[in-house]
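Peer 1: Listed below are the residues making up each chain.
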Amino acid sequence: MREFCCAGCLAVSETIAGSGLLGYYRQRELPAIKPDDEVASRVDEYRGFDHETVQAGWVKNKDDSCSEANFLITGINCAACVWLIETYLAGIEGIHSAQINFSNNLMKVAWDPQRLKVSGILQAVSRIGYQAQPYTRETRYRLLDEQRGQLLKRIGVSAALGMQIMVISVALYAGDWFGIDAEIATFLKRVGLLLVLPIMIYSARPFFKGAINSLLIGRAGMDVPISFGISLAFLASFWAVVENNGEVYFDSIAMFLFFILGARYIELNTRINGSRAMESLTAALPAIASRLQDDVSEKVPVAELQPGDLVLVNPGSVIPVDGLIVEGLSSFNESLLSGESLPVDKQIGESVIAGSINIGQPVTIRVAQTGEQTVLSSIQQLADNAALDKPRITQFAESIAGWFITAVLLIAFISLLSGLLGGDPDWLSRTIAVLVVSCPCALSLATPLALSAGSSSMVASGLFVARQHALETLARVDHVVFDKTGTLSNGELSLIRVKTLAGLDWEECTAIAAALESQSDHPIARSINLKANNISIPQVIDIHHHAGAGVSGHIDKRSYYMGSAEFLIEQIATLKFESAHLRDSDQLDKIIVFLADQHQLLAAFVFSDEIKPGAFELVDYLHRERIRVTLLSGDRRELVEHVAQQLRIQSFHAECRPREKTEVLEQLIQKGDIVAMVGDGINDAPALSLAHLSIAVARDINLTSVNADMVMMNRHIEEIIPAIVQARRTRRIIRQNVVWAILYNFTAIPLALVGLVPPWLAAIGMSLSSVVVVLNSSRLLKLKAKSATENN
Amino acid sequence: MEIIYLLIPLSIILLGLIIAGFFWAVNSGQFDDLEGPAYRILQDEDELDQQRQSDNKDQQ
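Sequence lines, in order, name chains Z and G. Position 309, counted from 1, in the first sequence is what the working numbering calls 324; the numbers after and before it change by one each time, with no gaps. Position 21, counted from 1, in the second sequence is what the working numbering calls 23; the numbers after and before it change by one each time, with no gaps.
Hints listed in this document are in silico derivations from the structure and should not be mistaken for laboratory results. Glycine included, every Cβ here is placed at the ideal spot set by N, Cα and C. Hints are all accurate, no fakes.
Derived pair list, reagent style SDA-like, types lysine to any residue, alpha-carbon separation capped at 20 Å:
id, chain 1, residue 1, chain 2, residue 2
1, Z, Lys-168, G, Phe-25
2, Z, Lys-77, G, Ser-30
3, Z, Lys-123, G, Asp-35
Example chain Z residues on the side facing chain G (calculated, C-beta under 7 Å, incomplete):
id, residue
4, Phe-117
5, Leu-167
6, Val-172
Taking the hints into account, I'd like the entire structure generated from these sequences.
Peer 2: So, in structure tokens, the structure goes:
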């Protein structure tokens with residue numbers, strides 16, 4: 016049997032093995048994401064989704080034995096995950112079918128409501144280590160999806176008809192050389208006109224619309240010359256068919272539109288996938304809450320909660336609203352909001368914030384604010400606003416496209432005019448050639464194509480590019496700022512040492528400690544329970560939690576106490592501490608918890624938040640690449656200094672409030688550094704959006720991510736290294752593409768202008784220049800395949 | 003060459019059918035996931051069955 020890091024992983028693996036799905040381990044490309052105990056234990060919350068009122072929006076009841084709904088799955092990181100979930104669910108009683116869309120992680124399930132409940136589906140998914148949540152916000156993305164389908168159809172039409180037009184054109188060109196019956200030529204031209212009509216009416220519509228829009232606001236967008244070119248080509252050809260005299264340019268129109276629609280499609284696709292993946296990270300708040308009415312708890316949708324309602328929040332659940340505690344006391348993990356990984360204790364009268372996790376005991380809260388009014392969403396809005404102020408890093412192609420297009424229109428107009436005035440018989444074909452050959456297709460493809468190839472190759476290493484500029488900026492970054500909590504360290508306490516102080520061996524002490532902590536969900540408790548995995552734990556009674564200080568209980572009629580030194584002294588007046596006990600040799604970043612019975616100290620447990628191994632690798636790499644590194648943390652001075660020394664980071668700022676973080680960043684930016692900020696708490700959001708590039712390290716569910724330029728889907732911080740390498744490759748490829756596109760346009764336009772390029776050659780040249788760009792960009796995808804095999 | 007007066011209209015009708023088929027495919031969501039199917043073909047049920055068979059053998 017393999018060893019497992021925690022009970023969660025073990026349980027998941029046993030379920031997988033038990034269902035005969037071990038193939039998953041052979042096929043996966045990335046290690047699975049560690050299941051989160053807190054979320055996995057939310058069985059109660061899952062049950063909430065069984066209520067009909069809650070299901071109203073998103074479950075479609077097709078008939079009595081078949082319901083359908085979409086679920087958003089988090090934790091998928093390669094195709095093997097998809098296979099695992101689908102196959103596992105297919106084997107579950109009551110499920111008709113389960114299908115996952117790998118590109119947006121949405122799962123469509125059809126099941127029999129008589130035999131299986133929604134909570135059963137959610138639980139099944141969590142048993143194999145993923146999280147499913149009902150996908151209720153479909154409408155937001157339906158529009159984008161519709162747009163995508165529509166674009167695809169336009170491409171299809173232009174491709175299918177274009178192919179046919181090509182056949183006719185070849186016949187006509189051949190006819191020019193070898194002779195053709197005038198009657199057949201006329202027939203072919205009429206067929207061409209018939210075939211090009213749907214392309215003009217259907218496929219080209221977005222360009223005409225865009226052109227009209229940009230003319231209305233007085234700007235020369237790319238749609239203007241495109242529309243102008245195809246309109247001119249069409250009208251001329253139309254006239255030629257009607258008059259039965261002159262050239263037709265149907266092939267040029269079809270080819271031209273096909274390529275340019277393809278470019279648009281690639282762009283739109285990147286955008287949709289981007290916003291989808293972002294969304295999976297933002298679904299932080301629960302959809303269900305237990306409302307207390309006359310001491311009876313009832314599951315209701317969070318949206319129905321009103322200020323003044325009483326809500327019961329069980330341990331392990333996320334607080335759905337802002338409110339005041341009216342009953343009970345507990346610890347709360349507010350890391351989502353503060354970035355602080357240690358829990359905060361709160362008692363009656365204190366306020367709790369939506370998005371924090373209750374990790375102690377059940378509490379009742381009175382709702383103060385819901386929805387948009389919560390602190391969480393106000394911070395999000397703050398971050399959104401800050402994002403709007405971000406200095407826009409303009410893309411090279413974009414910045415020159417404007418005047419380039421204007422220039423092209425001008426040149427075309429001049430050639431039109433000179434042709435007309437000079438009595439040149441070829442004036443029309445020459446003007447069309449100029450318009451077609453100068454299409455900034457290659458130029459406009461150059462950047463987005465390379466960027467999307469670059470970003471999709473990065474997804475393999477768990478880095479998600481949320482904003483298009485991220486890759487460009489990452490290549491230029493010369494200063495990386497880290498937020499310590501949870502970014503460079505593991506962000507959770509692990510038990511690193513048990514010091515026995517009274518003759519008992521460490522196993523006995525750990526067993527007692529585990530028994531005392533068995534009912535708690537505090538990080539310390541989890542860490543101890545993990546250690547005591549193979550030790551038999553004694554029965555314990557009368558467990559009493561002293562919020563924030565410690566825990567006490569009886570085992571075999573003896574009292575035991577566990578907690579901080581202050582707590583033990585308070586509980587047992589006779590207890591003696593030696594100063595050596597209070598300090599661990601190389602402490603600073605460590606937390607010590609003591610175990611005692613009524614008479615003496617039994618053991619000291621030393622916990623630490625350890626630095627990720629990848630952090631060393633990353634900082635070394637950054638130093639080698641002469642990228643400056645700064646540590647910016649809200650933690651205690653000694654602690655930050657300690658971490659900085661270990662990682663050999665010279666520049667660090669400790670005890671920073673969010674405002675101070677932004678100030679430091681502002682200074683760096685003023686100095687002219689290109690700053691990348693790597694952070695994870697939402698309190699970093701203002702700083703994150705200020706930096707040129709923001710990389711958010713996603714915890715399981717994280718809100719900062721909404722605003723980040725890049726998101727790390729796993730916690731392997733060293734993945735930033737290949738990201739930087741790939742970003743630089745991408746930049747190189749973009750430059751090659753742009754140089755090529757400009758060279759092409761600047762040689763082709765003069766040639767077309769003097770009449771050396773007929774329109775059909777212009778269309779081929781335009782297409783070929785785009786193909787070169789496509790092929791060059793696809794080299795970035797090949798690098799992805801290479802690095803993937805290296806990892807294996 | 004009079005045959006093209008028949009063949010070309012025929013090919014246009016065929017083209018109409020092709021486009022109708024393509025529209026149907028887009029509308030029914032066959033182009034929604036362009037990544038997954040590439041892997042799906044490698045992960046068919048055979049492997050599952052083998053696994054279960056060998057499990058059964060182990061138990062026997």
